[in-house]
Amino acid sequence: MLVSAGVVGTIISFLSLLMSLLPGAGAGQQTGEVDNVFRYGAEPGTWYSDRAGAEVRVEDFDDIGKGAGVLWRGTIPAIVLRVDESKLRGARATNGLIAFASTCTHLCCISTWHLDRPKEDILFCRCHDGVFDPFDVAKDVMQNGTEYIGAKVVAGPPPRAVPIIPIEIKDGKLSGVADNLEIYGYCG
Amino acid sequence: MNGCLSTRAGRLYVWLDKRFHISPVVAELQRSVNFALPSTLTRQNKSRLFWFGYPYYYAGAITAFLAILQGVTGLLLAFHYVPSAVGDPGTPTQAYLSVENIMKTIPLGALIRGVHQWGANLLVAALAAHAFWAFFRSPYRIGREITWFLGVVLLGLALAYSFSGYLLPWDQLGYWAATISIQIVRSIPVLGDPVAQILLGGTSLSAVTLTRMYFYHVSLLPVIAIILVGVHLVLVILQGVSEPEEAWKTPKTDKGQAEKRNAPLFGPFFPQQITPVLIISLVALGVVLLLGAFGVQPPGEPANKFLTPRFIVPEWYFLWAYGLLKWVGWVYDLVNFSPPALIFGVDLVSAKVVGILLAGAMFLVLFLLPVIDRGKEVRVLRRPLKTTIGVWAIGLLSTLTLYALNEILSANLSIPIDTLNMILGLIVILAPLVPAVPAYIVIRRHASRMPS
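Same order as they appear, the protein sequences are chains A and B.
The numbering used here runs 259 ahead of the 1-based position in the first sequence.
The numbering used here runs 15 ahead of the 1-based position in the second sequence.
To be clear, the hints were calculated from the coordinates, so they are not data collected in a lab.
Even glycine gets a Cβ: it sits at the ideal position worked out from N, Cα and C.
Misleading hints may appear alongside valid ones.
Label-pair ranges, simulated between beta-carbon atoms [what the hints assert, rightly or not]:
1. B:Met377 <-> A:Leu374: 32 to 38 Å
2. A:Gln402 <-> B:Asn427: 55 to 61 Å
3. A:Ala437 <-> B:Ala376: 40 to 46 Å
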């Protein structure tokens, strides 16, 4: 009896091990309270590099064209920009500010603003030269069929737009509206 | 056997033979290994050190030597490496700190890591040389298809080894190289997602991924490699090494294989044939030691999943595939092609997927070569089309490698990226033809003059 139980136990352990290799297993889910405030990223050599981790505030973006790499909800890299609203198509800015997820839809590298191509007003992916136009926001479809709006791909291999993150401002702090989080999970 | 050994070694041999009856096995092994080496030319030239004249025969031996060296240095590194990537992005993890510790405080740690690092590069280079030689000389035609299949799988395995090892320091380059590569895998229609999740241990790169990569690097891949290399070598011993084409000029004697197997060889494996192999292995060891001592790369910045480093490129042997992905994107832009997002719910025609499928197709063609190329002729100068395809392929891989460096070249040469992309894009299309077309014309003319 004991031997049988041991054999069954071993088989179950082995099957558990195999199951753990299957898709979905081991995917860590974030737990606990997460606030929606944008916080500055840590890109060295930028105007915001000494503010890494600090909350993003409206008054920091005093000029049109000023942008920053930020982190939203602790896990979603994004870019916040002050734009000339008259040039913006397909979306509205909030107090002149607009935000996009910065994870490239090609192979999940992080796009930048005015860092690699400082003279071009584009979101640029360093890995395979993907280019997104933050002034041309249009509807697109995620691989799972979810519709969303984002900055259109204008060059390079990215298959779809990077999604916009709706902004709200409270007490001068910038937050993203977390209504539809699944559209930001395209890179896991 | 024991006659050629020293008295002490002879006594040990007798001791072992009495207990394990190894004499027949050793005799058969000795005869098989001797037979496995090219014999026709050895006899023709009466050369005892045959391999000195044919350097391409060394590629396999150097590969084997470097693989052993990687095993030894990897074992030493494993004593001090800690496979833990728990920690905040951008801060040093246990894995990162343990690599720094190996570099800074462990006696000879930096040298051992340097040898492991450079050994991996040279191993891939030797393997590529081995594969290219085999491509041109067509040894797979003479019943050696399985040896070829195993060889191509081993090439893929060496790349998997490098890939899994690259992530272990958990620095920025390794992290982002792994992220990009796994996303590439994920893009493969239908199969990509489950395979990527098995590699990742979840939906994105995390501490679990490092544990898995370490497991693949030190446990799973070595077991597979030892088995496959073993079968590859056994097949080489059973079937013999493919002889160089010069040997084909001499008609086989009527006495045939039986005499060939039993005749005393001019260059038996031990000590004559093994001597140049040992010499070239020592040279390789010297080169790796020098590179390891003076060219070891410390880990870069700690991995930060929110910050892709500038000018990120993979290891040199993955650059061609990286360049291919970029180049397909350039072609799509050039012809202003906007592919549909999904076809039957699957992404099939985006630049990314097409790039991946093209890279996969190139590997598949290499793997299936014995099935595709079934002609009897093996001489390079009598195969104009195949030799030309080989020359063209080398040119293509080189130019795609160049294309992969476009951002770095643009920044350093101060050429606008769009202009440079146009130049490099055209180079990818045209440059491989520059050596290939004349090669075809010359070889075809040469082939028509050669006696069959």
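Here is what the structure says about each hint:
As the Cβ distance of B:Met377 to A:Leu374 is approximately 34 Å, the hint placing it in 32 to 38 Å holds. Between A:Gln402 and B:Asn427 the CB atoms are about 36 Å apart, so this pair departs from the stated range of 55 to 61 Å. Range check, A:Ala437 to B:Ala376: Cβ separation about 42 Å, and the 40 to 46 Å hint holds.
Violated hints amount to a single one, hint 2; each of the other numbered hints is respected by the structure.
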